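J.: Here's the letter readout for the chains.
2 protein chains.
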Amino acid sequence: MFKELWRQRAELIAADLERELRATKSLDENLLRAMEYSLLAGGKRLRPILLMAAADSVGVSGEKFIKVADALEMIHTYSLIHDDLPAMDNDDYRRGKLTNHKVFGEATAILAGDALLTLAFEVALRQKEVAPEILLEVLKEISTAAGVAGMVGGQAIDLHAEGVKIDFATLKLMHLGKTGALFRAAIRSGAILAGATAQKLESLTCYAENFGLAFQITDDILDVTGDEKILGKPTGSDAKNLKSTYVSLTSLDEAKKLAAATVEAALDALKNFGDEADFLRELVKYLVAREK
Amino acid sequence: MFKELWRQRAELIAADLERELRATKSLDENLLRAMEYSLLAGGKRLRPILLMAAADSVGVSGEKFIKVADALEMIHTYSLIHDDLPAMDNDDYRRGKLTNHKVFGEATAILAGDALLTLAFEVALRQKEVAPEILLEVLKEISTAAGVAGMVGGQAIDLHAEGVKIDFATLKLMHLGKTGALFRAAIRSGAILAGATAQKLESLTCYAENFGLAFQITDDILDVTGDEKILGKPTGSDAKNLKSTYVSLTSLDEAKKLAAATVEAALDALKNFGDEADFLRELVKYLVAREK
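Chains V and Y supply the protein sequences, listed in that same order. Heads up: the first sequence begins at 296 in this note's numbering, then just goes up one per residue. Heads up: the second sequence begins at 296 in this note's numbering, then just goes up one per residue.
Misleading hints may appear alongside valid ones.
For identical chains, the list gives no copy identity; a pair is met inside one copy or between any two copies.
Distance condition first, Cα-Cα at most 30 Å in a straight line; then the derived BS3-like pairs of lysine-lysine [to be verified]:
{"id": "1", "residue 1": "K320", "residue 2": "K538"}
{"id": "2", "residue 1": "K495", "residue 2": "K423"}
{"id": "3", "residue 1": "K320", "residue 2": "K495"}
{"id": "4", "residue 1": "K467", "residue 2": "K320"}
{"id": "5", "residue 1": "K320", "residue 2": "K460"}
{"id": "6", "residue 1": "K362", "residue 2": "K320"}
{"id": "7", "residue 1": "K435", "residue 2": "K339"}
{"id": "8", "residue 1": "K359", "residue 2": "K435"}
In short, the hints are calculated from the structure, not lab data. Please read all numbers here as calculations on a predicted model, not as lab measurements.
Only chain V is shown next, with the shape it has when bound in the complex:
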């Protein structure tokens, strides 16, 4: 049920992303192909899924807000394209496919990222059936989370953290930015779009922050304990690259305990929610138990 709904919605989102790309008039065909290459490369569609699930949890079907959901996926995808660039992580593969710049060249990859970030706002602005002031509030959430106080800021911390031992506070701040901020914005946006009360919004924000933390700790654990065949990428790369992680700064055992406690905190944040929040409950449990 939970996984089936996830699969259905991921397909719905992918189809709408494709529709939006086809409806986009680009001055340059090659640029549009580069955007499409990365945006339609599959993936868990976790951020749009979170937005929808947060709306569900306060009693409004999240599928109504697909344009804002699309925008989150576009922002996530642009960040991956830029992150993979030679000047950044210099990665040749992502999800088993050549990275954007390996196929289209660096210049086009930079522009494809820029274009996806811009298109995210264009598409979010196409969201229907939402009061203008609510849409403005959601755009504030998303732009703040994607910028220097969030995702891009976290990336910048990461630049200096390569091969350097950082402290626990810096590690937390880095992940809070790199991945946490957009997860948080996804959940808060879904809640705000669905008209959540202040109290429910606060609870969902608490869920979101613990969700982000649990997600990252699990990532770090999988880099140590994961099965390369299932993961689809080599393990041990954090240790090899002298990357500070939740495992390296504590221990595998401590990291596992922290992950479990964080899931508990996320579930506890939803204690006043009914069945409508079951997807969010299943999701955080699934993500720490995952094998890839």
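Keeping the supplied structure of chain V fixed, place chain Y upon it in accordance with the hints.
T.: Coordinates of chain Y only, in the frame set by chain V:
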């Protein structure tokens, strides 16, 4: 009077950009410094100035809309930072200063551009005293102009146009995207924010399109006839780089005639406007007569 107002407003805009940067919480100090380095490097502030002048022309002081004006300058600045990157134009200097990546490194320059584009939306969303649906409409104008159908699309055409003879239609489309779209959005945004009638909005759009064309033709002419000392950059670089320009695709004489006709068309578009449009009139005349 005209130049004095321009100078005053450029200072006002620079001061507000600085204020916004200081109010911005960044997870990374170095990233904020990189953004500031390019954003506060001077420049004509032409796009925010155009927005304000368009609002003036329909009887509302454009200074009211400074947050949206800031956003345009941030988008312009991000595009310059990314345009100068080694994978793009590979420029070492801009306005007599080292380019962003020369000072901060490529990775930070990429992120500084990303961050400025994102901050543009954050800051535009802080615009006060505007009805929510009007602000949404303006954000649509700006995001469309900055994306694949506009600025980024024009950049992508430019990538393939290096050292290749392109036809007149492609040249026009490239500039329409690279510079024209954001000029147009600046003027239309100012008009929409000020509550222009549909007829005045249409006239200002016509002005904007001719303004952009006149600006670009003059750029191409100056690369042939300009004084290197006044321009602050070497002339003849278009010919050296086999770049197609309004001069190379016609002749110097034809280009000058086209520039003059375009200014006339821009002025004609304002024929039903009063003194309030004098700044826009002076501006287009000044920009084709300029020496740098």
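J.: Are the hints correct? Go through all of them and say.
T.: To see whether the hints hold, each was checked on the structure:
1. Within a single copy, K320 and K538 get their C-alpha atoms only as close as 42 Å, which misses the 30 Å cut-off; across copies the closest is 26 Å, which meets it.
2. In this assembly of identical chains, K495 and K423 lie within 30 Å of each other by CA distance both inside one copy and across copies; the values are 23 Å within and 28 Å between.
3. For the identical chains of this complex, K320 and K495 are inter-copy neighbours only, at 26 Å across copies versus 40 Å inside a copy, given an alpha-carbon limit of 30 Å.
4. Proximity of K467 and K320 under a CA criterion of 30 Å is satisfied inter-copy only: 17 Å between copies versus 40 Å inside one chain copy.
5. Taking the shortest Cα distances, K320 and K460 sit within 30 Å of each other only across copies (24 Å), while inside one copy they are farther apart (46 Å).
6. Taking identical chains as interchangeable, the C-alpha atoms of K362 and K320 lie at most 30 Å apart whether they share a chain (17 Å) or sit on different chains (28 Å).
7. Taking the closest pair of Cα atoms, K435 and K339 come within 30 Å of each other both inside a single copy (25 Å) and across two copies (29 Å).
8. Proximity of K359 to K435 under the C-alpha cut-off of 30 Å is found in both arrangements, the shortest distances being 20 Å within a copy and 20 Å between copies.
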